[in-house]
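Student: Fit chain B to the supplied structure of chain A, relying on the hints for placement.
Those sequence lines, one after another, are chains A and B.
By our numbering, the letter at position 294 of the first sequence is numbered 294, and the numbering carries on one by one without gaps.
By our numbering, the letter at position 89 of the second sequence is numbered 527, and the numbering carries on one by one without gaps.
Example chain A residues on the side facing chain B (calculated, C-beta under 7 Å, incomplete):
| id | residue |
| --- | --- |
| 1 | T94 |
| 2 | H368 |
| 3 | N396 |
Quick caveat, the hints were computed from the structure, so don't treat them as lab data.
Virtual Cβ for every residue (Gly too), placed ideally from N, Cα, C.
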Amino acid sequence: MVKDQEYLEKKASYCLDLAKKLGATSTSVNVGNSISETVNFRNKKLDESNRSDNLGIDITTFIGKKKSSISSSNLQEDNLNILIEKCIETTKNTPEDEFNSLPDKDLLAQEVKDFNLYDDTHLENDSKAEYLTRLEAAASRDKKIVNTESSFVENKSNFILANSDGFCKGFKSSSFVASSIAVAKDEKSMERDYEYTHKCHLNDIKNAEELGKKAAEHTLRKLSPKKIGSEKITIIFDKRIAKGILSIFASAISASAISRGTSFLKDKINQKIFSDTVNIYDKPDIFKGQGSRSFDSEGVKTDTLKLVEQGVLKNYLIDTYNGRKLNLKSNGRCGGTSNLYFENGKIIYKDLISSNSKCLYITETIGHGSNIVTGDYSVGATGFLIENGEFKHPINEITIAGNFKDMFQNLTLANDLEFEYSTNSPTMMIEGMVVAGK
Amino acid sequence: MSNFFDKSDLNRNEAETVVSDTLKKCDDGELYLENSKSESILLDDNKIKKSSYNSDLGFGFRAVSGEIVAYSHSNEISKNSLKQSSENLKSTLKSAKGNYDYSIPKSNKKYYTNINPIEEKTLNSKIEILNKVNEYLRKKDNNVQQVTANFSGEQKSVEIIRSGGETLTDVRPLVRFNVSVMLEKNGRKESGVYGIGGRQSYDDYLTNDNWKNVCDEAFRIASVNLDSKPAPAGEMKVVLGPGWPAILIHEAIGHGLEGDFNRKKTSAFHNLMGQKVASEGVTIIDDGTLDNRRGSLTIDDEGTPTEKTVLIENGILKNFMQDRLNARLMKTRSTGSGRRENYRHIVLPRMRNTMMLSGKQTQDEMIKTVDRGIFAVSFGGGQVDITSGKFVFNCTEAYEIINGKIGSPIKGATLIGDGPSILKEVSMVGNDMMLDPGIGTCGKAGQGVPVGVAQPSILINKMTVGGTNL
Numbered sequence: 001m002v003k004d005q006e007y008l009e010k011k012a013s014y015c016l017d018l019a020k021k022l023g024a025t026s027t028s029v030n031v032g033n034s035i036s037e038t039v040n041f042r043n044k045k046l047d048e049s050n051r052s053d054n055l056g057i058d059i060t061t062f063i064g065k066k067k068s069s070i071s072s073s074n075l076q077e078d079n080l081n082i083l084i085e086k087c088i089e090t091t092k093n094t095p096e097d098e099f100n101s102l103p104d105k106d107l108l109a110q111e112v113k114d115f116n117l118y119d120d121t122h123l124e125n126d127s128k129a130e131y132l133t134r135l136e137a138a139a140s141r142d143k144k145i146v147n148t149e150s151s152f153v154e155n156k157s158n159f160i161l162a163n164s165d166g167f168c169k170g171f172k173s174s175s176f177v178a179s180s181i182a183v184a185k186d187e188k189s190m191e192r193d194y195e196y197t198h199k200c201h202l203n204d205i206k207n208a209e210e211l212g213k214k215a216a217e218h219t220l221r222k223l224s225p226k227k228i229g230s231e232k233i234t235i236i237f238d239k240r241i242a243k244g245i246l247s248i249f250a251s252a253i254s255a256s257a258i259s260r261g262t263s264f265l266k267d268k269i270n271q272k273i274f275s276d277t278v279n280i281y282d283k284p285d286i287f288k289g290q291g292s293r294s295f296d297s298e299g300v301k302t303d304t305l306k307l308v309e310q311g312v313l314k315n316y317l318i319d320t321y322n323g324r325k326l327n328l329k330s331n332g333r334c335g336g337t338s339n340l341y342f343e344n345g346k347i348i349y350k351d352l353i354s355s356n357s358k359c360l361y362i363t364e365t366i367g368h369g370s371n372i373v374t375g376d377y378s379v380g381a382t383g384f385l386i387e388n389g390e391f392k393h394p395i396n397e398i399t400i401a402g403n404f405k406d407m408f409q410n411l412t413l414a415n416d417l418e419f420e421y422s423t424n425s426p427t428m429m430i431e432g433m434v435v436a437g438k
Numbered sequence: 439m440s441n442f443f444d445k446s447d448l449n450r451n452e453a454e455t456v457v458s459d460t461l462k463k464c465d466d467g468e469l470y471l472e473n474s475k476s477e478s479i480l481l482d483d484n485k486i487k488k489s490s491y492n493s494d495l496g497f498g499f500r501a502v503s504g505e506i507v508a509y510s511h512s513n514e515i516s517k518n519s520l521k522q523s524s525e526n527l528k529s530t531l532k533s534a535k536g537n538y539d540y541s542i543p544k545s546n547k548k549y550y551t552n553i554n555p556i557e558e559k560t561l562n563s564k565i566e567i568l569n570k571v572n573e574y575l576r577k578k579d580n581n582v583q584q585v586t587a588n589f590s591g592e593q594k595s596v597e598i599i600r601s602g603g604e605t606l607t608d609v610r611p612l613v614r615f616n617v618s619v620m621l622e623k624n625g626r627k628e629s630g631v632y633g634i635g636g637r638q639s640y641d642d643y644l645t646n647d648n649w650k651n652v653c654d655e656a657f658r659i660a661s662v663n664l665d666s667k668p669a670p671a672g673e674m675k676v677v678l679g680p681g682w683p684a685i686l687i688h689e690a691i692g693h694g695l696e697g698d699f700n701r702k703k704t705s706a707f708h709n710l711m712g713q714k715v716a717s718e719g720v721t722i723i724d725d726g727t728l729d730n731r732r733g734s735l736t737i738d739d740e741g742t743p744t745e746k747t748v749l750i751e752n753g754i755l756k757n758f759m760q761d762r763l764n765a766r767l768m769k770t771r772s773t774g775s776g777r778r779e780n781y782r783h784i785v786l787p788r789m790r791n792t793m794m795l796s797g798k799q800t801q802d803e804m805i806k807t808v809d810r811g812i813f814a815v816s817f818g819g820g821q822v823d824i825t826s827g828k829f830v831f832n833c834t835e836a837y838e839i840i841n842g843k844i845g846s847p848i849k850g851a852t853l854i855g856d857g858p859s860i861l862k863e864v865s866m867v868g869n870d871m872m873l874d875p876g877i878g879t880c881g882k883a884g885q886g887v888p889v890g891v892a893q894p895s896i897l898i899n900k901m902t903v904g905g906t907n908l
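If we strip away everything but chain A, and leave its shape as in the complex, we get (with noise of 0.2 Å):
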């Protein structure tokens, strides 16, 4: 069982008040506690099973502008007691920084609202291996698949955010995950490809036959696959790469790129960065949503956020210190998004891969070709070759690139959207970028 709340809270005021009497001026503590089972299955056999349990606590002391933090896995108290020793002592010796301090009293959420994240369900490992068992038939059912990976991951967590000005809260949560691999052989190729479901209830995951089917059916289609050649050209990214470029979006706009300078985004809040129809929107109070809170990390309220309207951008992700840098309130954001979507577009996904005579739709990127910085964007992808709204073969070993800034301003969504994980896009289409290959 996971730690309840009443551990994790006398532990986090043990650490406050010891934080004190060394000579804290404030202090911040989250401590938690995940326990998570995981089964893996290979070729229609049990592979590893694995069970974590993992204790942990971060603790932040201020004394007056200066800060230091310390954490641990090993929560006994006299190693607490060493530790806030040490984080005391190099505080005092780190310097000053202006903006160091806690969240604004006035910020921090009174409530937690109960968004159904907790599912007290344990499955057994033994079922675990049951829906592995169903979910590798239904993948390895075509003679050109090889080879066949799973894993079913469930997952508990609990934690407790408290500071010296009182704020003191948690929640449990919990997450059940279930994803398929397969590879697929033909003369020409081997290739690979997966699907997932990731949800906080038990009864809410794909069902095991239909994950597997999804797995197959995706690295099947990649066989044989073809190298293009180089030229401008639009692209569609599935949902899958398309909500990568959304989080893309999001780093660029963390008030921390923003201070440093260090964003392509920086000085660009009120004016237009993409076309008209776009709007994006990160709401944390979707019931049984993956990204749901009350609180961000360091305990300021969290509302729902337009943070592009119309194309324009409207607000930038803003936590207590980048806050007090750029004169701006924290609007709870401190550690990211919570649940980040692209608003629905106009046009149907059909409607969308037949627009160009001929496109490319992308359904991996491998790499880390995002610059924040400058805004230039080029990965390796694998797709397909798309003519006339037809899926003509698979195309991979081809690059593509552009950036962001023109990017943005040339896309389209479809209207496909789905809340499956807790940052999601509609498929989107991206006229005039470059791909590489022969």
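Tutor: Using the frame of chain A, we list chain B on its own:
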């Protein structure tokens, strides 16, 4: 050296008994105990942004039977916790009937000393250097807009208790010093990053004001990029500089030669043992035994002493990198490549210091043969799709080559290639092998481990460059 049972209600004998009892019908397994202390001190935006210290303690208990691995880990080293883990392992391996392999090779060699680098240098002297870095770079040029510099250091003590009570220990220091600078000129921003490190104390890397060299190099890379023009797009010849660009070898070849992917036949190399996979003159080794290098280990995380493993010799595939599990299943021996990020993770076969050895040609000779291509000097991260063999990496410093001469710098572009065929496209191997400066971290299955790379300059006949200039 850590005493893991000091403050526990569990003593060593009791722990050994639980280990032997749990593993008696298993083929392999161990109790892995780990105590790590780490620090990070960061200067950013003219201020000390972060000074943090972490202490992490825990155990991971592993039982292996046939191909099945059961694993359980916890932060609490106690009777109760170990018993719970033992029961968890037994319930997974209900029908285990293996033969425990007691043999584990021995060696007295050590590739680094038992220091705690965090304690070897005072906080104040670390802060002083970070402030000097900031001042030095901002004075150096008016275009400097942002400076980030940090120290990160760690001491990790591990103890491995095997069935029968055999115990293996290691204490591993690791440090890194990193500088990143952003320049802005005429509205254009570019950044440059450089770092150094390894398994010694910070001051071993900072003698003679060496931090200045790190600053100068980060500044030089950023300056070059300020004048860069869009990279070309398409297939062309690529000359790679020596040292850090060997992450190409790491991504394109290294991962595909790890034992697990080959046992599972998901690597494009799984059926190529003994065959020609690279041009003549190409020899690649993976070496855990280089003194004080970032990727070096005295013993791996299963207790096997590390070694110098020849992967490809003069173009022929000779060995895969193995941990004990994959070695047993593939009927070979462990190469001391079993590694884990920490006690929370299972062991996987991983790279250590992966190196392509020197050939005979000079870099000039390579450049002269190129009519249209690029010269890549430094890279950011790379990634590989093991199954299709396709890999990428991102240039952070590169130049065009036109008619045998190095031309303008070009913007960061991704290069993409095919792992199994890329080494056959190597047509010249330089005489200038160089080790990287000690900054690499390799990710696999969600686990990051420190690694090193090395190579001479090489000429690759054909790679796809992912620029925007058609």
